[in-house]
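So the protein lines, in turn, are chains W and U.
According to full-length UniProt numbering, the stretch in the first sequence is residues 1 to 351, in order.
According to full-length UniProt numbering, the stretch in the second sequence is residues 1 to 314, in order.
Honestly, the hints are just simulated from the structure, not real lab data.
All values reported here derive from a predicted model rather than from experimental measurement.
Among the clues, some could well be false.
[Said to hold, decoys possible] Far from chain U, by Cβ distances over 12 Å, these chain W residues were calculated:
{"#": "1", "residue": "Y18"}
{"#": "2", "residue": "V23"}
{"#": "3", "residue": "L27"}
{"#": "4", "residue": "D56"}
{"#": "5", "residue": "K73"}
{"#": "6", "residue": "P93"}
{"#": "7", "residue": "T95"}
{"#": "8", "residue": "P104"}
{"#": "9", "residue": "P106"}
{"#": "10", "residue": "T124"}
{"#": "11", "residue": "H162"}
{"#": "12", "residue": "A193"}
[Claimed, not checked] Derived DSSO-like pairs (lysine-lysine); straight-line CA-CA distance at most 27 Å:
{"#": "13", "chain 1": "W", "residue 1": "K123", "chain 2": "U", "residue 2": "K252"}
{"#": "14", "chain 1": "U", "residue 1": "K14", "chain 2": "W", "residue 2": "K123"}
{"#": "15", "chain 1": "U", "residue 1": "K8", "chain 2": "W", "residue 2": "K94"}
{"#": "16", "chain 1": "U", "residue 1": "K225", "chain 2": "W", "residue 2": "K47"}
[Stated by the list, open to error] According to the in silico footprint, chain W covers these stretches of chain U (three or more CB under 8 Å from chain W):
{"#": "17", "segment": "126–139"}
{"#": "18", "segment": "157–169"}
{"#": "19", "segment": "207–213"}
{"#": "20", "segment": "252–266"}
{"#": "21", "segment": "297–303"}
The beta carbon of each residue, even a glycine, is placed where N, CA and C say it ideally should be.
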Amino acid sequence: MDIVNEILEKEQRKTEKYKPITVEKHLELEIDVGTLLASDTNDLDLKSLRSESERDLCLQSLARDNTQLLLNKIWELPTERIDEAIVVRLPTPKTVLPRSKPVPKPKPLTKWQEFAKAKGITKTKKDKLQWDEQLQKWVPLYGFKRTAAEKQKDWLIEVPQHVDPLTDMYEKKSSEKSEKVAKNELQRLKNIARAKKVKIPRVGLPVTSDKASATQLSTAAVLAKASTASLGKFQDKLPKEKEARGKGIHELIPGKERKRRAPIPTPQVEKENNLSLIDRILNKRPKIDMDKAVSKHINEEQIQRSEEKKSMKPPKGKRKAGAQTNFSAKKPKAGKGQRNPGKKTPGRKRR
Amino acid sequence: MGVIQRIKKPTTRKGKKVLLSREPKAIEGPKQCIFLQARNPSERARKVLKDIYNLKKPDAAYLSRKNDFVPFEDTTVIEKLCYKKEAALFGVSSHSKKRPHNIVLGRTFNYNILDMIELGADNFKAMSEFHNIKVLAGTKPCLLFNGPAWVLNQELKRLKNVFTDFFYREKVETIRLQGLEHVLSFTATDDGTIYFRSYRILLKKSGQRTPRVELEEIGPSIDFKLRRTKLASDDLCIEACRIPKEVKPVAKKNKSTDAFGTKMGRIHMGKQDINRLQTRKMKGLKKSAEEKKQMHKKKKLAKKAAKQANATSA
Chain W
1 MDIVNEILEK
11 EQRKTEKYKP
21 ITVEKHLELE
31 IDVGTLLASD
41 TNDLDLKSLR
51 SESERDLCLQ
61 SLARDNTQLL
71 LNKIWELPTE
81 RIDEAIVVRL
91 PTPKTVLPRS
101 KPVPKPKPLT
111 KWQEFAKAKG
121 ITKTKKDKLQ
131 WDEQLQKWVP
141 LYGFKRTAAE
151 KQKDWLIEVP
161 QHVDPLTDMY
171 EKKSSEKSEK
181 VAKNELQRLK
191 NIARAKKVKI
201 PRVGLPVTSD
211 KASATQLSTA
221 AVLAKASTAS
231 LGKFQDKLPK
241 EKEARGKGIH
251 ELIPGKERKR
261 RAPIPTPQVE
271 KENNLSLIDR
281 ILNKRPKIDM
291 DKAVSKHINE
301 EQIQRSEEKK
311 SMKPPKGKRK
321 AGAQTNFSAK
331 KPKAGKGQRN
341 PGKKTPGRKR
351 R
Chain U
1 MGVIQRIKKP
11 TTRKGKKVLL
21 SREPKAIEGP
31 KQCIFLQARN
41 PSERARKVLK
51 DIYNLKKPDA
61 AYLSRKNDFV
71 PFEDTTVIEK
81 LCYKKEAALF
91 GVSSHSKKRP
101 HNIVLGRTFN
111 YNILDMIELG
121 ADNFKAMSEF
131 HNIKVLAGTK
141 PCLLFNGPAW
151 VLNQELKRLK
161 NVFTDFFYRE
171 KVETIRLQGL
181 EHVLSFTATD
191 DGTIYFRSYR
201 ILLKKSGQRT
211 PRVELEEIGP
221 SIDFKLRRTK
231 LASDDLCIEA
241 CRIPKEVKPV
251 AKKNKSTDAF
261 GTKMGRIHMG
271 KQDINRLQTR
281 KMKGLKKSAE
291 EKKQMHKKKK
301 LAKKAAKQAN
311 ATSA
């Protein structure tokens with residue numbers, strides 16, 4: 001009993017040594033732990049605040065009390081251990097603070113991105129170095145030492161059979177590359193125009209300089225002609241005027257059928273389409289062309305008959321000159337008596 | 001318009017990175033702050049501004065050139081500089097007979113001014129006058145707003161938001177317990193004075209897990225007098241406080257967790273006809289033709305017996 005009392009007294013003395021961590025307040029503080037914010041709505045001691053000497057002490061004690069309450073709340077949170085430091089996970093802040101910039105708008109996808117999404121194509125990461133069989137070494141795909149490796153490979157470019165032997169292959173290669181770059185740039189600008197909903201004519205590029213080129217003028221003329229009430233049917237053409245040709249002009253002329261862009265098929269649909277196509281090709285029964293078959297048959301018969309006649313002529317003897325009218329002969333029927341409504345040829349029906 | 005959607009692409013990689021950093025993001029970092037001087041700043045006003053700048057380091061820039069403008073009339077100077085320095089907060093100091101030792105604190109949204117408050121610095125004790133160890137720069141401070149005026153006065157309500165935005169640095173998810181070192185206390189009275197004090201937290205033993213807090217005054221001690229304010233309209237505020245979809249917490253509908261931590265879900269099904277339920281078919285348990293015949297026979301006999309029983313009972 002004595003020992004127990006002794007221990008209890010010791011503990012009490014220990015706790016008395018330390019100052020309390022509890023704070024008494026009339027109104028509870030509004031504590032937002034997420035932003036480490038504490039709002040005290042209790043009335044202030046205005047008298048001590050007004051006097052210069054007591055102000056700082058009063059403010060300090062007030063701040064100490066409120067900080068104690070705030071830290072008590074923080075110490076209640078679950079702790080973790082990240083990299084040898086004891087850390088608390090703060091809850092989401094309750095105070096709503098304004099952003100510095102507006103919320104980012106989602107960007108519209110480019111044409112390729114939409115296609116890739118519909119088909120389910122994902123990007124595969126390529127390494128910088130690729131094994132080259134010809135050179136038998138690791139060659140970078142881009143960046144430092146790439147052109148040197150390319151030069152090594154292209155020390156000689158053969159001129160293929162079907163190409164003019166005097167073409168400069170190196171020049172051809174570089175011009176192809178510049179064309180590719182230009183095409184890529186054009187597609188990038190088209191994507192931007194589509195995103196910003198800027199209308200751009202589908203045929204060729206809009207006129208950049210003051211004078212339009214001949215093709216642009218011919219396209220413009222075709223369009224102007226077709227913009228009449230009867231869609232250009234009764235418009236005269238100049239003697240040597242040629243119709244404008246090119247991609248997409250046909251669709252620009254109003255009234256003509258506009259080919260809608262087919263929707264990108266999903267992989268399953270595409271697979272089904274391809275398989276059905278193969279089935280259709282392989283399961284085809286030979287179609288019989290009736291006209292051809294009939295005419296072939298007739299032809300064969302005629303040849304047979306003529307041969308028979310040839311073989312029969314000498315034994316039969318001389319025939320009388322002037323053919324007798326054969327009264328028993330029947331009226332010649334076209335198609336050998338078989339009805340053939342599909343046969344378009346006039347046939348020997350009439351006498 | 002993003003970097004990728006520009007007609008003229010950035011030529012250098014560094015330029016591209018700078019442009020990308022200027023674009024609006026879903027989750028933003030700490031707001032940068034610029035401090036500049038307007039017409040005829042007094043020594044006291046300059047010192048106050050310098051001390052606030054020290055509190056806001058490293059997310060702040062102190063511009064030393066004197067600009068001849070009045071913030072409440074001409075806002076283009078501030079907006080231009082905020083755009084250049086990519087800053088959302090600003091502080092301007094000036095001095096005149098009508099408004100002595102004037103400090104204007106404010107914030108911007110999308111490079112346009114959102115809120116501005118004008119304060120007069122009455123009693124000022126600089127940080128250098130307190131001879132003790134200060135707090136490490138960059139620590140997130142605890143903020144205290146004392147006095148019922150912060151809740152009752154409409155203007156002060158908004159000012160509380162401005163002060164919080166100015167000093168809270170950034171949103172953090174975790175905080176080191178040893179790192180809670182700094183406290184800023186704002187005490188507002190009814191006559192428009194705001195007492196600004198800054199302390200350092202000392203954690204003492206308390207015999208329990210939670211330590212006892214003792215404070216030591218370090219930083220600037222300023223008695224502000226609230227002068228003019230220019231606050232944004234409610235619509236602009238709502239627009240500025242909008243949360244992007246990516247950051248919004250996802251609404252959990254049918255999920256719940258039980259005491260063991262297993263995730264439970266609820267599915268809603270329509271009415272089921274028990275006689276027509278589709279159950280699993282086990283081929284081995286299927287009745288063969290013979291078994292079916294036997295069952296049929298049994299049924300017949302049972303029926304007959306039932307009939308006879310009925311006949312005899314009737």
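Okay, the hints, checked on the actual structure:
1. Y18: violated (4 Å)
2. V23: violated (10 Å)
3. L27: violated (9 Å)
4. D56: It is violated; W:D56 is separated from chain U by about 7 Å at its closest Cβ, not greater than 12 Å.
5. K73: The claim is violated: W:K73 sits with its nearest Cβ about 10 Å from chain U, within 12 Å.
6. P93: violated (6 Å)
7. T95: violated (6 Å)
8. P104: At roughly 4 Å from the nearest Cβ of chain U, W:P104 sits no farther out than 12 Å, so the non-interface label is violated.
9. P106: Incorrect as stated: the minimum Cβ-Cβ distance to chain U is 9 Å, not above 12 Å.
10. T124: holds (21 Å)
11. H162: Since the minimum Cβ distance to chain U is about 38 Å, W:H162 lies beyond 12 Å and the statement holds.
12. A193: violated (10 Å)
13. W:K123 / U:K252: The hint is violated at about 32 Å.
14. U:K14 / W:K123: OK: U:K14 and W:K123 at ~25 Å, within 27 Å.
15. U:K8 / W:K94: violated (43 Å)
16. U:K225 / W:K47: holds (18 Å)
17. 126–139: Violated - the segment 126–139 of chain U has 0 residues with a Cβ nearer than 8 Å to chain W, which falls short of three.
18. 157–169: Holds, because 5 residues of the segment 157–169 of chain U bring their Cβ atoms closer than 8 Å to Cβ atoms of chain W.
19. 207–213: holds (count 7)
20. 252–266: violated (count 0)
21. 297–303: violated (count 0)
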